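Q: These protein sequence lines map, in sequence, to chains B and D. Letter by letter, the first sequence follows residues 1 to 355 of this note's numbering. Letter by letter, the second sequence follows residues 1 to 506 of this note's numbering.
None of these hints come from the bench; they were simulated from the model. These numbers were taken from a predicted model, which means no experiment stands behind them. We put the CB at the ideal spot given by N, CA and C, even for glycine. Check the hints yourself; a few may be wrong.
Claimed, not checked - Derived CB-CB ranges, DEER-like:
| # | chain 1 | residue 1 | chain 2 | residue 2 | range |
| --- | --- | --- | --- | --- | --- |
| 1 | D | A318 | B | L118 | 40 to 50 Å |
| 2 | B | L144 | D | E27 | 48 to 58 Å |
| 3 | B | F345 | D | D131 | 33 to 43 Å |
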Amino acid sequence: MSTDVQNNGVAAKPKAPAERAPSSALDLAIRYGFLALLVGLAIFFSIFANGFAGPRSAVFIFQSVAMTGILALGVTCTLVVGGFDLSIGSVATSAMMLAAYMMVVLEQPAAVAIVACLVMGAFIGLVNGILIVRFKVPDLLATLGMMFLLVGLQRIPTAGRSISTGMVLPDGSTAGGTFDPFFLTMGRHRFDFFLEKLLPIPVVFLVVIAILIWIFLETTRHGRLMYAIGSNERAAALTGTNVKRYKITAYMISGVLASVAGMLLAARLGRGDIASGTNLLLDAVAASLIGFAVLGAAKPNAFGTAMGALFVGILLQGLTMMNAPYYTQDFIKGAVLVIALVFTFSLSARKAGGH
Amino acid sequence: MTDCLCQISGLRKAFGDNLVLRGLSLELPAGSVTALMGANGAGKSTLVKILSGVHSSDAGNVSLAGQSFVPSSPSDAIRKGVVTVHQAINDGVIPDLDVASNLMIDRLAEPGFGFFLKRKQLFADAQEIADRMGIDVDVRQPVAQLGVADRQLIAIARAMSHQPSLLILDEPTSSLSAVEAERLFDLIETFKARGVAVLYISHRMSDIRRIADRIVSMRDGEISGLFEDTPLDYEGAVQAMLGHRMTDVNIEIPQRGEPIVELKQLRLKPHAKPIDLTLHDNEIIAVTGLLGSGKTDLAQALFGLRPPNSGDISLDGAAYAPTSPGKAIANGVFMSTKDRATNAVIADFNITRNISVPFLAQFSSFSFLSRGAERDTARDMIEALSIVCQSESDGINTLSGGNQQKVMLARWLVDKCRLLLLDEPFQGVDIRSRHDIGEKVRQTAKGRATLVFVSELDEALEIADRIVVMHEHSIIAEFVNRDVDLNEILTAVTGTAQKQLEHEAA
Chain B
1 MSTDVQNNGV AAKPKAPAER APSSALDLAI RYGFLALLVG LAIFFSIFAN
51 GFAGPRSAVF IFQSVAMTGI LALGVTCTLV VGGFDLSIGS VATSAMMLAA
101 YMMVVLEQPA AVAIVACLVM GAFIGLVNGI LIVRFKVPDL LATLGMMFLL
151 VGLQRIPTAG RSISTGMVLP DGSTAGGTFD PFFLTMGRHR FDFFLEKLLP
201 IPVVFLVVIA ILIWIFLETT RHGRLMYAIG SNERAAALTG TNVKRYKITA
251 YMISGVLASV AGMLLAARLG RGDIASGTNL LLDAVAASLI GFAVLGAAKP
301 NAFGTAMGAL FVGILLQGLT MMNAPYYTQD FIKGAVLVIA LVFTFSLSAR
351 KAGGH
Chain D
1 MTDCLCQISG LRKAFGDNLV LRGLSLELPA GSVTALMGAN GAGKSTLVKI
51 LSGVHSSDAG NVSLAGQSFV PSSPSDAIRK GVVTVHQAIN DGVIPDLDVA
101 SNLMIDRLAE PGFGFFLKRK QLFADAQEIA DRMGIDVDVR QPVAQLGVAD
151 RQLIAIARAM SHQPSLLILD EPTSSLSAVE AERLFDLIET FKARGVAVLY
201 ISHRMSDIRR IADRIVSMRD GEISGLFEDT PLDYEGAVQA MLGHRMTDVN
251 IEIPQRGEPI VELKQLRLKP HAKPIDLTLH DNEIIAVTGL LGSGKTDLAQ
301 ALFGLRPPNS GDISLDGAAY APTSPGKAIA NGVFMSTKDR ATNAVIADFN
351 ITRNISVPFL AQFSSFSFLS RGAERDTARD MIEALSIVCQ SESDGINTLS
401 GGNQQKVMLA RWLVDKCRLL LLDEPFQGVD IRSRHDIGEK VRQTAKGRAT
451 LVFVSELDEA LEIADRIVVM HEHSIIAEFV NRDVDLNEIL TAVTGTAQKQ
501 LEHEAA
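Next comes chain D alone, as it looks inside the complex:
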């Protein structure tokens, strides 16, 4: 328990200007399960990718059992005893192949396996692995015919078959039922007993309570908390993960106007508790919650990307049920999406053209574009949001993350709207830009309701008049952002997880 199997020190990694790991240091003892918690963008997946040989680090050392560990590729990492089960199940299995081939696929890729497949041998070996793991499936069956849970178990079983010394599990129970998860936990226990170090990444408090020997909280590319004294301090871990760099940013809550949007008995999932929520003019509401709490689903329902399960939305008193982003925009509902690189940035376009995309009709007459009008708007926006650039015709990818995010926001400030949705507007954004963005959102808030979806609490505290906490696709708490007790919010974010655990245990 005490001998340290894996030692990570001063690990740094940047993607472009975006520093993802800032000198992270961590020890993983053998025969112990270390739970890793961190909000979106904390750098968890980058850490996992470095350990599993997908990325190389910029600086810092990793040692494994006293030896320096620098995997050149994922297969090299596996050979050296670090095995990773990734979160996306279909990264773990090949649906078109049978179970046996899936279990044995890494062996097939090893040099010296031989050119021809010996099917009998293959099935026998695979069966042995399956038996050892307690997976009860026909190894000749194609994986495509199996359920999600079985696929997950196969991915894990394959990982286990390598006799790893460090096993990394990234959200392994996200698609497992309670019974299946229990099978997995039993497995993890047996590995623990054999002296394997386990790094267990999860947002599920119930999992962490069940399996973790120690908890590490990660935040902004650094370890923000290490908890190993029993009983483990779960609340503290969550607090360390969500953070509260907040000092005395007390929001002057302005007078809110008449109601604009009303959600009535809105269900995002068939069995979720219905949501009732009213959004007012000149009001900024932050929606927060852990990953998978339904924030994204709510944003998507409001922007016409995915219809809600049931219930009604009204906009300025009229029924509002958009079926596409185009319809939402036509109704005056705009959304700045999260993950800007995939969902928002048009890489081939310069700043000006990125800003004008949604409202080109305003910049054109008879469909012919007026470049002058586009340029003037872009210059105004660059000025108003203090976007750092050389000119309005700079390529969008020459900008830093924070400035790119400002351009993405500027895009939606070109026209007036009734409801502005900002999904993770501070993702990969430096403090300075974050402040600029918050200020601009506040300045322009009149005439619309603004809904900001954030996973980090201090972001919510910084920008919102009201904070709404979501859990399991419904709203479980609401706070007015004035002298708010941080612990109360934290309890709301995690508290139900506790109830859920009791429920599951029952």
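Isolated chain B, as found in the complex:
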């Protein structure tokens, strides 16, 4: 009797990944399922959401995709080395507040504000990286701590108030600076693209950054080594790779990209708004994790992340146009994320081996 049990137990065990060739239909589903879903979603909203298929709606989608996408590309770099960055949302809002503070309160030109934001982003990434590789704080906890720290820090200079032109400072005086028009152009100008004024500048930023990150990760040896670290850190170290340096670099890229997104947000809003940017983290994390499923990559990748951001953008805009309340949107976003994760990790796990 017990021999039966034993044999059953063995039979039920999944075979070692040596087995190949899953059914071709499943292969196709893993490869193109997500892109089909994306197109399907766009068609669905075009039919059922009044006004979804119009230029105004497209501009909205582009604008939200740009923010989400740039942040998500940063997260992607940390995912590649087997890490995670939860601080990106608060780095972005900190950059927004810093840019506004530099121009409005300290009356600095746009260039100084931009440089300050980029330096801040790189510095936070450096600190995250050092916490993780030097002090061995687990990545989720280190960046979670950094997130809370920044949420508080960004409010200290203005005693918790938003920054806008002509605001009253904590000491009673009035801020004398204004947003540099050039700075505002970064977030507000729209190029003609098929239709008049269709393409906001942030989208151009996103496309350029996505291509650069793609080139970096896919075609340079540094990107290759980062993937090696993410797959087997020990093995990578034993082939002479400087694991610590690459990990820190990944967090610095993430920090810099988050600060770029924050500046674009500041430029679009024209103020340092403490209340905005609460959803940035969830959207960006969703985009980069959904990106795993694109083209069956089963790994973090720049193209997938950009598609993931587009997916999140279309979903949110479509739901908005269908008058879904914000809490429903959060629920659906969460559900989509969970489903995408199941899709990626359970289905792709069958597809053994490399790519």
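Based on these hints, arrange chain D on the given structure of chain B.
A: The following block gives chain D in isolation, referenced to the frame of chain B:
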């Protein structure tokens, strides 16, 4: 003594393509200590894991006191009377909890223990167990404050508290002092007297001489020797464990070139005897020895993973003291590590990318990779090492163990080096691949010194010009691999263990 408590027959277990237990049969009599010996990868730990309910077997039967024994989980195995003390001490104790909770933890996990802890009762029960075992510690103390030896004794005491009928001890004395080990042996004797069957796994000859009633040698997933006639044949047991399937593989020892690496008064441990060794061009040297003899430490010192305690290494006449694998590689010292799954294989990468990892700079200009150059190299390597695969872009985990190992070797043959270190290059590798690997290492040997770390003697005999035997972190014997007397090597591997025993007894 004669009634057989546990009977194992035809036990088989494979992990993927790797057949670890090949129809193993073994009897464990009650009231007797059976020592199990086996080299790395012989399948000892897999056997232990099947008996302790961690793994299930693929085929074969285990019966315990006449009943079929198929544990569904570790706790099920314990309930049925098979208790295991694992080698890694921290698997055995939870450092943050106090001694009492550690002693009682299995009870806490039993269904029907009750929801709330009764601390007084807990301490009293724990104290009773501790007293019975002769452990002299405050049961309220956190385990984290105890030394390694006390932790070990607590893990063992907990195991004993279950009144096991079969007790499995995996390297129990590896962190105990002689006095503490003696306490353990006394304990084992009392259990033996109560009729418990003990399976005692150890590499320490002194332990085995002290405690074993019979010795079982294991090799390649099978029992290779059973010794129960007194006096026990220790030499025979070691020989059966290390094996010598060698026929007449007489190595043509080539002319060796000028010295490349020199170790001068190198100490791997503060009190170890210093090592002096010279490695020459076109020479393959095998380093062998039992587990814990310091082979790994020597490899790590040469590859910049752990600095030696003292002494000097010179490479091509210049001082060589690497502080990281990166520095070692920059100096032309490469190492193919042991345990490829954890230390070498990059599972997400295909064959090509696994080969190119260490020397990506060679495949790129201005950091941009040339996939064509990578692919060409991979194809050359697949051809040269006869790697069995469908194409160079196959996932690494689609390959068998032997072919994976070839890919790991190919990685380090991409560039020329001055010293190539191969740590257990034949681990989980079939005979065919083993031959291919050996041949390729020999073919490419010119221009470098090659150091191969192996625990199995026949592997050393197959590949090396010179065989160096390590014991207690120093070199105790050296042989030129020509008409070498196997027994002499075996005596070297175990002989000092004998001296050590005399030393300990004194």
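Q: Please go over all the hints and tell whether each is borne out by the structure.
A: The hints, checked one at a time:
1. D/A318 to B/L118: 40 to 50 Å: At 44 Å between Cβs, range holds.
2. B/L144 to D/E27: 48 to 58 Å: holds, 56 Å
3. B/F345 to D/D131: 33 to 43 Å: violated, 50 Å
Violated hints amount to a single one, hint 3; each of the other numbered hints is respected by the structure.
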